[in-house]
Amino acid sequence: MDAFLQQVVAGLATGGIYASVALALVMIYQATEHVNFAQGEMAMFSTYIAWSLVNAGLPYWVAFVATLAFSFVAGVLVERLIVRPVEDAPVLTVVVVFIGLLVFFNSLAGWIFSYLIKPFPSPFPVTPLKVGSVVLSMHSIGSIAVTLVVLTLLFLFFRYTSLGLAMRAAAQNPVSSRLVGIRVGWMLALGWGLAGAVGAVAGMMVAPVVFLEPNMMSGILLYAFAAALLGGITSPGGAVVGGFTVGVLENLIGTYVPFVGNELKLTVALVIIIGVLVVRPSGFFGQVIVKRV
Amino acid sequence: MDRTTASQGNPAAGAARGGLFARHGSALLLLAVIVLACAAPFLISNYRIFQLTLAFGYAVALLGLNMLTGYNGQISLGHGAFFAIGAYVTAVLIDKAGMHYALTIPIAGVVCLAVGFLFGLPALRLEGLYLALATFALGLAVPQLLKYKYIEEWTGGVQGIVLIKPNAPFGLPLNPDQWLYFVSLFVMLVMFWAGYNILRGRVGRAMVAIRDHHTAAETMGINTALYKSLTFGVSALYTGVAGALSAIAIQFVAPDSFNIFLSISFLVGVVVGGLASIGGAVFGALFIVFIPNIAEGISKAAPWAIYGVMLILCMYVLPTGVMGLARIGMYRLRARRLRGKRA
Amino acid sequence: MSALLTVSGLEAAYGLTKALHGIAFEVAQGGITALLGANGAGKTTALRAVCGMVKTAGSISFAGQAIAGRATEDIVRLGIAHVVEGRGTFVNLTVEENLLLGAYTRRGAAEITQSLERVYGYFPVLKQRRRQQAGTLSGGEQQMLAVSRALMLRPKLLLLDEPSFGLAPLIVGEIFDIMRAINRESGVSILLVEQNAALALELADHAYLLETGRTVMSGSAAEFRANDAIRRSYLGY
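Protein chains in written order, with our numbering: chain E, 1 to 293; chain Y, 1001 to 1343; chain P, 2001 to 2237.
In isolation and in its complexed conformation, chain E is listed as follows (with noise of 0.2 Å):
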């Protein structure tokens, strides 16, 4: 029983990380129709930044935000320069863009920080906490503790403030938005910006537990992937309900399940991803999507 509540507790964290990237991920997706396949990427390098503002001498939670507003910047650029040119293109044309987007970043972290593995300091106590006879790790409780607050805040932001009433309408109906005012392109590039920020807090919270590399984000991509899908990739909700489903997934089904062990993990969110789209594309929390000829 103990094994089983310390693999829920870890299944929790890393759900809250997927959480957080699938977020992301739908946060674009609703907005442009279109998967930001350099998520991981981006939020690789801006982890990246927080390393350097850390080995700089910066208190973690100072480089914490300044890593916040640094991804929030980037996310609104990269929208402006590079998406918003390609923005009506062809399926095919967006993709190839995003998968550049991702090497480049890739390759980006790698020239600069090289591609060795480095450690990422925790802001949380090293010793574990004890409940009983169960023990949990403080850095684990505490990624749960941090993706939560910043859910709830993003939560709180769409809902009840008139910026965030606005990049709902822009992402909803844009040819109404314009006739209220919004100006619909730079709602677009906060909902990048939000995105990216959002993503960051993802890899400072993962790069303790895997080691920061510049291929650190990739498995992790994949089950955000696998976590919007399974919520529904045109819901928020959906997405971080999925994204902790998915992580208490793997971790059960990495301990319990013999033949799939730790070796697998990978394929089990391709089985997931695949799966979804084969039996119900539209996730469990999504809308049904007719297409009209």
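Just so you know, these hints were derived from the structure itself, not from any lab. Treat the hints with caution; some may be incorrect.
Unchecked claim - Lysine to any residue pairs mimicking SDA-like chemistry, simulated, CA-CA at most 25 Å apart:
id, chain 1, residue 1, chain 2, residue 2
1, P, Lys2127, E, Lys265
2, E, Lys265, Y, Ile1151
3, E, Lys118, Y, Glu1296
4, P, Lys2055, E, Trp186
5, P, Lys2018, P, Ser2061
6, Y, Lys1300, E, Ser218
7, E, Lys118, Y, Ser1299
8, E, Lys130, E, Gly142
9, E, Lys118, Y, Ile1151
10, Y, Lys1165, Y, Glu1153
11, E, Lys118, Y, Phe1261
12, Y, Lys1147, E, Leu116
13, P, Lys2156, E, Pro174
14, Y, Lys1147, Y, Asp1095
Remember, predicted model here, so these are calculated numbers, not experimental data.
For this one, chain E is given, so just place chains Y and P on it according to the hints.
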């Protein structure tokens, strides 16, 4: 009439218009290039021969991917998987069953045809973006699958399988590198000839029709489901054959060489060379073999930075790739010649 | 009295298809102008042209400023509210969120709340359904919502595209009464596009007739009603 619909913003469509290479001038050019290719191995170093051999293999893979993505409009970010299957089928057959390498090539092709066709069946229901996602997932999962401990007996696990470079048969006066060069060149020419015939005929037109307007193609009586799955299968076959060739040339297969970056390299090759272009596959292959060679001198990351920039740049500036540029050049030349005749 | 909106030589095209071949019309300050014509005459295109939603050539002048070629978001901020054909409701947002979006460009929470209360006064059913998802409203209610959202902008000019379309006569009557009241009380000018000519001519003081992208007739509403040809073709008696 079909020009407007076919070329409306689709980067692949513009390139499919051409019929220029069917003229005599082009056939002579092709012959000259083949003669040059046959003479090359006696003039250059073994290492360069090896690089060109690799390029021939990649060209076949790129033609395969181009069929699927360029001509048929199905985006695949996971073709490295089929390359890996082809390579491993060859390696396992040679290593464990002692089969002659030449025989393994068609077998690898057929296995990939089957796997590709089967994968194409559920993939039918996935449009553009979702197919890209699913194939991306496939591409990411391949190295782990290849390291799986329950099939380690055959695949050699993390260490992979080591093969021995074959000597030229019948005592021909060629060193192993030169012999493999000719084997690969021959396979490439055969595959390209077959591909040319497929893509230029009814099948090719059906594929393009499905890409450009799926629903209309259905109403015209094209069995889109069958064509799409078949295209997947044939595309996988090509890539599998390429994988087999590369395994024989490199004499080594290991899981980590078939990661997502291999699949992305294929995408780069197809985009740079030119979507929906047969000749583009050769350009693309040369690009992905020689750029790392040149750029690695700057930094280990440099080739990939270049790839990233090229992918983005090509989508903005050169959506039809290098071949598209060549075609535009040819159009202008012909137009000038025609104008000259009339005047 | 100078016109609030003056359009002349207006051409518009959707891709390669030309929809307007150089039309001209005016909306007087505080007046109500109707654009009449059959399906495909170009009435909706004319409204979209005013809002910068379609590529145009020609001149459009609003409150003395030239607005042709400017972005929709900027034109809207000058005080033009457009109720599109099909309502353009934000279906996944609540009724109140829709209304608040109408006031997006305004400052001053107190004034916005005032406008909200005024709009609820015109259409009490919206107040009842304020927390409901807009997509669950009936056609008539969504039209009320669309008009109210436009009013939340506190526009100088209100563009209405086929407000009666698909609605029961009773509801249409209600909406038109409120339009009349708003025009009289707040001096909001209205440019109305309607296939239902009788309805339009009751509300409007001026009218223009469009046929395949050209203005073929203009005059006061009374003149239109008295015109035999118009009566027979468009008013049905």
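Numbered hints the structure breaks, given as an ascending list
Result: hints 1 and 9 break, sorted rising.
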